[in-house]
Amino acid sequence: MLGTGIIKGMVETARNFVGSYHDPERLTTVQYPEERLAPKENGRSFPFLVFDGNDQQAGLRCVACQICEKECPPQCIYINKSKDKKPDYVGKLQFYPATFDIDISVCMSCQICVEVCPFEAIKMDQVFELSTSDRFGKLLLHKPQLAKPNEYFHQLHPTDANEVDARLGEEKRKAEAKAAAAAAAAAAKLAAPKPAPDEPTKAT
Amino acid sequence: MQSLDQIFVTGKQWLLAFLPEALQPVGSILLVIAAIFGVFATLFAVTTILERKILGRIQNRFGPNRVGPFGFFQPAADGIKMLTKEDIVPRDADKIIHFLAPLALIIPVALALSVLPYGRNMVPVEFDAGLLFFFAVGASTELSVFMAGWSSRNKYSLVGAMRGIAQMISYEVPLVLSTVTVIMIVGSLSLVKIVEAQSGFLFGFLPSWHVFTPWGFAGFFLFMIAATAESNRSPFDLPEAESEIIAGYLTEYSGFKYALFFMGEYWGMFAISGLSVTLFLGGWNAPFPFLQFIPSYIWFFTKLVLIIFTFIWLRGTVPRLRLDQLMSFAWKFLLPLALTNIVVAAIWFFSRALQFPGALGLRWIFCAAILAVSYVWLGRGVAQAQRAKRVYQYAE
Chain W
119 MLGTGIIKGM VETARNFVGS YHDPERLTTV QYPEERLAPK ENGRSFPFLV FDGNDQQAGL
179 RCVACQICEK ECPPQCIYIN KSKDKKPDYV GKLQFYPATF DIDISVCMSC QICVEVCPFE
239 AIKMDQVFEL STSDRFGKLL LHKPQLAKPN EYFHQLHPTD ANEVDARLGE EKRKAEAKAA
299 AAAAAAAAKL AAPKPAPDEP TKAT
Chain E
2 MQSLDQIFVT GKQWLLAFLP EALQPVGSIL LVIAAIFGVF ATLFAVTTIL ERKILGRIQN
62 RFGPNRVGPF GFFQPAADGI KMLTKEDIVP RDADKIIHFL APLALIIPVA LALSVLPYGR
122 NMVPVEFDAG LLFFFAVGAS TELSVFMAGW SSRNKYSLVG AMRGIAQMIS YEVPLVLSTV
182 TVIMIVGSLS LVKIVEAQSG FLFGFLPSWH VFTPWGFAGF FLFMIAATAE SNRSPFDLPE
242 AESEIIAGYL TEYSGFKYAL FFMGEYWGMF AISGLSVTLF LGGWNAPFPF LQFIPSYIWF
302 FTKLVLIIFT FIWLRGTVPR LRLDQLMSFA WKFLLPLALT NIVVAAIWFF SRALQFPGAL
362 GLRWIFCAAI LAVSYVWLGR GVAQAQRAKR VYQYAE
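For the record, the sequence lines run as chains W and E. One rule links them: number in our numbering = place in the first sequence (from 1) + 118. One rule links them: number in our numbering = place in the second sequence (from 1) + 1.
In case anyone wonders, no lab produced these hints; they're calculated from the structure. Watch out, some of these pointers could steer you wrong.
Distance condition first, Cα-Cα at most 30 Å in a straight line; then the derived DSS-like pairs of lysine-lysine [as the list claims (entries may be wrong)]:
| id | chain 1 | residue 1 | chain 2 | residue 2 |
| --- | --- | --- | --- | --- |
| 1 | W | Lys292 | W | Lys307 |
| 2 | W | Lys201 | W | Lys266 |
| 3 | E | Lys82 | W | Lys126 |
| 4 | W | Lys204 | W | Lys261 |
| 5 | W | Lys266 | W | Lys290 |
| 6 | W | Lys307 | W | Lys210 |
| 7 | W | Lys126 | E | Lys390 |
| 8 | E | Lys194 | W | Lys256 |
| 9 | W | Lys290 | W | Lys199 |
| 10 | W | Lys256 | E | Lys82 |
| 11 | E | Lys194 | E | Lys13 |
| 12 | W | Lys256 | W | Lys266 |
Restraint ranges, calculated between C-beta atoms of paired labels, are given here [stated by the list, open to error]:
| id | chain 1 | residue 1 | chain 2 | residue 2 | range |
| --- | --- | --- | --- | --- | --- |
| 13 | W | Glu233 | E | Gln385 | 55 to 61 Å |
| 14 | W | Lys203 | E | Val68 | 54 to 60 Å |
| 15 | E | Val90 | W | His272 | 38 to 44 Å |
| 16 | E | Phe63 | W | Gln184 | 46 to 52 Å |
| 17 | E | Val68 | W | Lys290 | 54 to 60 Å |
We treat Cβ as the ideally placed atom computed from N, Cα and C, and that holds for glycine.
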């Protein structure tokens, strides 16, 4: 009969109307400034720079290779390479960014900079409360604002961070082993010339 | 008790006594205008927030709850926003008509509100033909819709206005025909007399409102459907269907003119709800004899708010109709049913002469059966038309 569907629908909406008052479970709204959802591990907003240890200048992983600057689709990364070098995590001397700016009003959060970085130096942040009164100056983030410790990276993306740490640790261990081997070889080389005059005939 | 019921009447007389004799009629008119504007502007503000809260709850949301306690100062924030917005008039618009359209809505609606009896002895303008006057001014709101749509020089506005005109004229017919029954039974066009005809109680406790008779129930049902369409509310909100034609005839309105339009539409809804309360729900009469100590105006506004709540509830439930469904519903279902209802009302009127015991029950059953059969039969026709394959005349 005509109208039964409307009555069924009105019963349903009435049930919602009454139910939302006596059963707060029905209300799915998260009332944002007071309530917050826990951040998702795969969530991402804008890039930040990772540094190891406590000193953001000394521990910065970025070597100013400028791959991210070139790959960035909206061209929002601006890097100036340093003149001098500083040791990286394995102790090798590398350039570092003298300035590293990201214009987050241009950034489209595509994560390509993260994908292309060979040094695990740039990662995606999850901050989103970035509104300011100055849309030009305050949305251009500089190196001190961008650099964040590795522990912060661990908090945001634990799986990713552990995997990166394991790989970097492995590389560092290899590099140290290599350095140790090289040092041992050098030491051996240094030690070797001594007995050499004793047995010159063997070689010939 | 009597003094509380008549507090506004005596208050007005007390205030008027301060004026000299010659100025009293003018003072009386100004007081009434101030009262209507004050009451209905407040009711408009309360309705907007309640509508948003209720719709939110229907969709398991909170609704606005930021401004003031539970968000009840939201209308003030909305009002300030509306007033401070830029008033944009399109360059190619017909500027005079564009300016006059909101006024052409608000003035007839305010006039329509002035003939409703809000309580015992509380009718701003007592007309012998109040019902006729109500429909005469109520119909002129269609002019404002078309003025707005035509003068904006915007295709969405024009489409919205065309839809509005088609819909409002179509639904005017069942709207008026459903009230004819009341006029037949009461024998008067005066809204005060119609309310007085519904006072008193059947068997000492049943209110003798028109809605509790077969023809009155059918009339109320038809009237409410047509009133929903007349006030452009969902599911008949095609003229301003925001998902199809932006905002229909309101597209080119902003700032205070938009607010006026918005208020005019809500006032139209209040007016037509007030009329349905007057015609079918006993006006300011109390539903039970033991509740008669509550002042009459409180009963009127309680019923009005309940009807508004039903409008909001309906808006939260049903989706919008298509234009052909809208038209076939008006002409193929509502109109025949309204005509049947007039016949039923005539039967009811002339069978009053039957005085044997049980005559009331027999009349009741006979009239209700005619209406039920025609409802089911006509409803089946509408449902079959819905199932038929649609032919697109111009799109193929």
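Here's how the hints hold up against the structure:
The hinted pair formed by Lys292/W and Lys307/W meets the criterion: a straight-line CA distance of about 21 Å does not exceed 30 Å. For a cut-off of 30 Å, the pair hint linking Lys201/W to Lys266/W stands: about 23 Å separates their Cα positions. Restraint check for Lys82/E and Lys126/W: the C-alpha separation of about 38 Å exceeds 30 Å, so the hint is violated. Distance check on the hinted pair: Lys204/W and Lys261/W sit about 16 Å apart at the alpha-carbon level, within 30 Å; holds.
This hinted pair checks out: Lys266/W and Lys290/W have alpha carbons roughly 21 Å apart, not beyond 30 Å. For the hint linking Lys307/W to Lys210/W, the alpha-carbon distance of about 23 Å falls within 30 Å, and the restraint holds. Only pairs whose Cα atoms come within 30 Å are accepted, and Lys126/W paired with Lys390/E is accepted, the gap being roughly 26 Å. The straight-line distance between the Cα atoms of Lys194/E and Lys256/W is roughly 71 Å, outside the 30 Å bound, and the hint therefore fails.
Between Lys290/W and Lys199/W, the direct Cα distance comes to roughly 24 Å. Compliance with the 30 Å bound is thereby established for this hinted pair. Note on Lys256/W and Lys82/E: the hinted pairing holds, with a Cα-Cα distance of about 28 Å set against a maximum of 30 Å. A threshold of 30 Å between alpha carbons decides the hint, and for Lys194/E with Lys13/E the separation of about 23 Å falls inside it, so the pair holds. Restraint check for Lys256/W and Lys266/W: satisfied, since their Cα atoms lie roughly 18 Å apart, inside the 30 Å limit.
For the pair Glu233/W and Gln385/E, the supplied restraint of 55 to 61 Å holds, since their beta-carbon distance comes to about 60 Å. Between Lys203/W and Val68/E the C-beta distance comes to about 58 Å, which sits within the given range of 54 to 60 Å. Range check, Val90/E to His272/W: about 59 Å between beta-carbon atoms, so the 38 to 44 Å window is missed. At roughly 49 Å, the beta-carbon separation of Phe63/E and Gln184/W lies within the given 46 to 52 Å, and the hint holds.
At roughly 57 Å, the beta-carbon separation of Val68/E and Lys290/W lies within the given 54 to 60 Å, and the hint holds.
When the structure is compared with the earlier hints, violations turn up for hints 3, 8, 15 and for no others.
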